Amino acid sequence: MPQTLYDKLWASHVVHAEDDGTALLYIDRHLVHEVTSPQAFEGLRLAGRKPWRIDSIVATADHNTPTTDWNEGIKDPISRLQVETLDANIREFGAKVYFPFLDRRQGIVHVIGPEQGATLPGMTVVCGDSHTSTHGAFACLAHGIGTSEVEHVLATQCLVQKKMQNMLVSVEGPLARGVTAKDVALAIIGRIGTAGGTASAIEFAGSSIRALSMEGRMTLCNMAIEAGARAGMVAVDDVTIAYLKGRTFAPTGENWNRAVAYWRTLTSDDGAQFDRVVRLDARDISPQVTWGTSPEMVVPVDGRVPDPEKEKDPTRREGMERALIYMGLKPNTRIEDIRLDKVFIGSCTNSRIEDLRAAAAMVRGKRVASNVRLALVVPGSGLVKAQAEQEGLDRVFRESGFQWREPGCSMCLAMNADRLEAGERCASTSNRNFEGRQGAGGRTHLVSPAMAAGAAIAGHFVDVRNWK
Amino acid sequence: MEKFTVLNGIVAPLDRANVDTDAIIPKQFLKSIKRSGFGPNLFDAWRYQDVGEPGMDNTKRPLNPDFVLNQPRYKGASILLARKNFGCGSSREHAPWALVDYGFRAVIAPSFADIFYNNCFKNGLLPIVLTEMRIDHLFNEVNAFPGYKLTIDLERQMVITPDGATQIAFDVDAHRKHCLLNGLDDIGLSLRHADKIRAFEARRRTEQPWLFG
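Heads up: the protein sequence lines correspond to chains A and B, in order.
Residue numbers are given in the working numbering: position 311 of the first sequence equals residue 311, and the series is strictly consecutive.
Residue numbers are given in the working numbering: position 108 of the second sequence equals residue 108, and the series is strictly consecutive.
The reader is advised that the hints may include incorrect statements.
In silico DSS-like pairs for lysine-lysine, Cα to Cα no more than 30 Å straight-line [as the list claims (entries may be wrong)]:
(1) K60/B x K196/B
(2) K50/A x K34/B
(3) K60/B x K50/A
(4) K149/B x K177/B
(5) K75/A x K60/B
(6) K8/A x K196/B
(7) K3/B x K149/B
(8) K3/B x K163/A
(9) K196/B x K96/A
(10) K34/B x K162/A
(11) K50/A x K162/A
(12) K60/B x K162/A
(13) K196/B x K50/A
(14) K50/A x K3/B
(15) K60/B x K75/B
(16) K196/B x K162/A
(17) K149/B x K75/A
(18) K96/A x K162/A
Hints are computed from structural coordinates only; laboratory data are not their basis.
Predicted model only: the values in this text are computed from it and were never measured.
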């Protein structure tokens, strides 16, 4: 029977299955960071257990790390304790590789895994972080888990799982200039909603997806969780294989050839059955801007803030009204008339080299608008930062009035010092516009890197398709 | 993990859809390296009028009188009635930790986000899915009758109204039910299959050696 990519990934990792379908699923790669692991390591310690397979663990500190003044260490004592706890846990229990704070290869866990070749096709990848779906770009079964499951994977190398449903999101046709993977992701979420992919693994397919770089595919899979799907994935093709060749932990020699031969099979078979199919035409996708407090509250940049009075469903209408109050917006406001206080370019969604190049291309030779009091660029990793500096992108950003920072999660979730103050409005390349996400009372509009860069220069949203 | 058998408790209604885990427990409290003590910061941004930070004396902070959990009639609530897609967003298990630490043992909603749903079972917190119609009805009942209580019988998979007249069946998968009823942590259960895990791993090491080392 023809299988989907997800069917193949699932079947190749089942260690044991109960009659009710509950399975023990083998985990190949376990990514660990400082926020969701301390209680798991403590649990191991209390039970007198050891990690099952140390060489599956790739660890880094990213959520709490500062993006300025690295020579001064981590000033917040609670953040510092959490990072030092990770240091101590890795020292005690071990890992394949650890990129601690200050290491030149440190960075956001979902940027460094692929960058190092530690994320390989056909793997199961888990991490105590919902954006683990990012790694599905490599035809992995990758998803976020809670801390109890982090402990479970440490102790058993397996997860207790039930199979999800198969969902196909197909996007066909060429994307317009200025329309990126981020816009595709937001357009999909706008279509199916933030619970549209619940209980499903989404495979993204179609000619528009195949035309994306690995960076673009990572952005798309990253946002699968914002559509409610724990896992998003893209089949292996030449783009996948070209990206992996020569990466630090990618196989070499005869193993490379064997691996590539296997990886080529990681696609959905012709005639494979999906439980649900959603189709989008790339020509219908414009640059997207969220206006509310959920990623599904999204409109094209040439659109307007919607009017709750036109919404029939009472729960939805109340949600819209509440969002408009929180966001300080009036119905029917033109998106291009929304003025910004801050701009954030970074996060596991959009902090890779391609993202920084796209943003830099927008701002070269221009100045950040005077009403924008802070425009931040936070590279996804030390290696992305070094690459960008080698290309002179740091200079482009600095000369335009952006701040060029050290890598980390930064203002995506504002666990470190980078945050919005109450009432501040931000164009952000991150993934969540929830209330308070970027700082208590902060107002987040999710956009692509090019859109964020354009907004920084103009001081309000602009349609990048018309950018000169 | 604490066992869950039969729960009889006050129901608190949280009447908004898409409640995310950032709202359940804001990020500044995720810096803790413990798994307890999150209750006072459950729904922190909605519950208090000031901005909460770790280390504050929460008993001295100004409460938001409009927030449902601050209303005296819901004091001591152990069942949270919620709307669709409850627990969306971040995978932080601090969300169920905070709910349990506050005193909740069950959440009833038309739907849950996957990771949150999964995390609940690891912490003796029972998430129950009922139809939108049932949920609407329960919201009406809770609003109409102060002190409204429900009984949840996990063994029988029933939600029972105060007069006992209505018994609403719910689904829960067998493995999770077994773990909750008996307070079992599933690491121990999984390790009963240690030999199978080792055999699987050995085969994988031969077939895909590049995944190891």
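Hints and how they fare:
1. A threshold of 30 Å between alpha carbons decides the hint, and for K60/B with K196/B the separation of about 54 Å lies outside it, so the pair is violated.
2. With a C-alpha separation of about 20 Å, the suggested pairing of K50/A with K34/B holds against the 30 Å cut-off.
3. As the CA atoms of K60/B and K50/A are separated by approximately 42 Å, the hinted pair breaks the 30 Å bound.
4. Note on K149/B and K177/B: the hinted pairing holds, with a Cα-Cα distance of about 22 Å set against a maximum of 30 Å.
5. For the given pair, K75/A sits about 26 Å from K60/B by alpha-carbon distance, which is consistent with the 30 Å threshold.
6. Restraint check for K8/A and K196/B: satisfied, since their Cα atoms lie roughly 20 Å apart, inside the 30 Å limit.
7. With a C-alpha separation of about 20 Å, the suggested pairing of K3/B with K149/B holds against the 30 Å cut-off.
8. Restraint check for K3/B and K163/A: satisfied, since their Cα atoms lie roughly 26 Å apart, inside the 30 Å limit.
9. Taking the CA atoms of K196/B and K96/A, the gap is near 23 Å; set against the 30 Å cutoff, the hint holds.
10. Distance check on the hinted pair: K34/B and K162/A sit about 29 Å apart at the alpha-carbon level, within 30 Å; holds.
11. For a cut-off of 30 Å, the pair hint linking K50/A to K162/A stands: about 26 Å separates their Cα positions.
12. A threshold of 30 Å between alpha carbons decides the hint, and for K60/B with K162/A the separation of about 45 Å lies outside it, so the pair is violated.
13. Taking the CA atoms of K196/B and K50/A, the gap is about 18 Å. The hint holds against a cut of 30 Å.
14. In summary, the hint linking K50/A to K3/B is supported, as the alpha carbons are separated by about 26 Å, within the 30 Å threshold.
15. For a cut-off of 30 Å, the pair hint linking K60/B to K75/B stands: about 18 Å separates their Cα positions.
16. For the given pair, K196/B sits about 18 Å from K162/A by alpha-carbon distance, which is consistent with the 30 Å threshold.
17. At most 30 Å may separate the alpha-carbon atoms for a hinted pair to count; K149/B and K75/A exceed this at roughly 47 Å.
18. Using a Cα cut-off of 30 Å, the hinted pair K96/A and K162/A holds, with the two alpha carbons roughly 28 Å apart.
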